[in-house]
Amino acid sequence: MSDHVTNEARVIPLRPAAAGPSRTTAPQAPDRAPRPPALAPRRGPAAPAAPAPVSPAREPLWRDLVGDVLRRERQAQERTLKDVAEAARISMPYLSEVERGRKEASSEVLAAAARALGLGLGDLLSLAQRDLIRRSRPSVRSRAGSAPSSASRYDGMCLAA
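Position 87 of the sequence shown, counted from 1, bears residue number 779 in my numbering, the numbering being contiguous throughout.
Everything labelled a hint here was simulated from the structure, so no lab data went into it.
Certain hints may be false.
[Said to hold, decoys possible] Okay, the calculated beta carbon distance ranges per label pair:
| # | residue 1 | residue 2 | range |
| --- | --- | --- | --- |
| 1 | D775 | L753 | 23 to 31 angstroms |
| 2 | Q767 | G814 | 15 to 23 angstroms |
| 3 | P705 | K795 | 44 to 52 angstroms |
| 4 | L706 | T772 | 29 to 37 angstroms |
| 5 | R764 | E796 | 14 to 22 angstroms |
| 6 | R764 | S798 | 18 to 26 angstroms |
| 7 | S788 | E700 | 54 to 62 angstroms |
| 8 | N699 | R792 | 19 to 27 angstroms |
| 9 | V703 | S783 | 51 to 59 angstroms |
Keep in mind it's a predicted model, so treat the numbers as computed, not measured.
Note that beta-carbon positions come from the ideal geometry of N, C-alpha and C, so glycine has one too.
Could you put the whole structure together from the sequences, leaning on the hints where they help?
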């Protein structure tokens, strides 16, 4: 008799076996332990992903609108982010995040940034409102269906909390 011990590992599945036909695996070389199913190489192409559901065009977020106005006004004045942040007494990274729409700034921060740019808070909000109207789809059409009406559901003053 030989004292040779086979080098086979016992595989304990983590998931119960499927009720359907069992999977057969390719025969393993006698000197290798069988691979667990999770580590077995994939065969064939991956299943195609389901198409994403088509959603109607999203309205822009308020923070994106305000950030775009702040950046546009700063660049129109040819001022640096550092200059405006110092004048507004807010940190440069935070102002950058507000401009990129990553942060929802408080009314105090928005007012300070607007003042640093020579604007009032009302001016900033009015410019953001104009951008919202421009970016949004026309919601009201004339009965003839030819051209959008000049009336908008966004007419009026925009307020920020």
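Hints and how they fare:
Separation of D775 from L753 is about 26 angstroms and conforms to the stated range, judged on CB atoms against 23 to 31 angstroms. The beta-carbon spacing between Q767 and G814, approximately 21 angstroms, falls within the hinted interval of 15 to 23 angstroms. Under the hint 44 to 52 angstroms, the C-beta atoms of P705 and K795, about 48 angstroms apart, fit the expected range. As the Cβ distance of L706 to T772 is approximately 57 angstroms, the hint placing it in 29 to 37 angstroms is violated.
Take R764 and E796: their Cβ atoms lie about 19 angstroms apart, and the range 14 to 22 angstroms holds. For the hinted restraint 18 to 26 angstroms between R764 and S798, the CB-CB distance of approximately 21 angstroms keeps it satisfied. Checked against the hint of 54 to 62 angstroms, the C-beta distance between S788 and E700 comes to roughly 60 angstroms, which is consistent with it. Between N699 and R792 the beta carbons are some 57 angstroms apart, a value that contradicts the proposed interval 19 to 27 angstroms.
Under the hint 51 to 59 angstroms, the C-beta atoms of V703 and S783, about 56 angstroms apart, fit the expected range.
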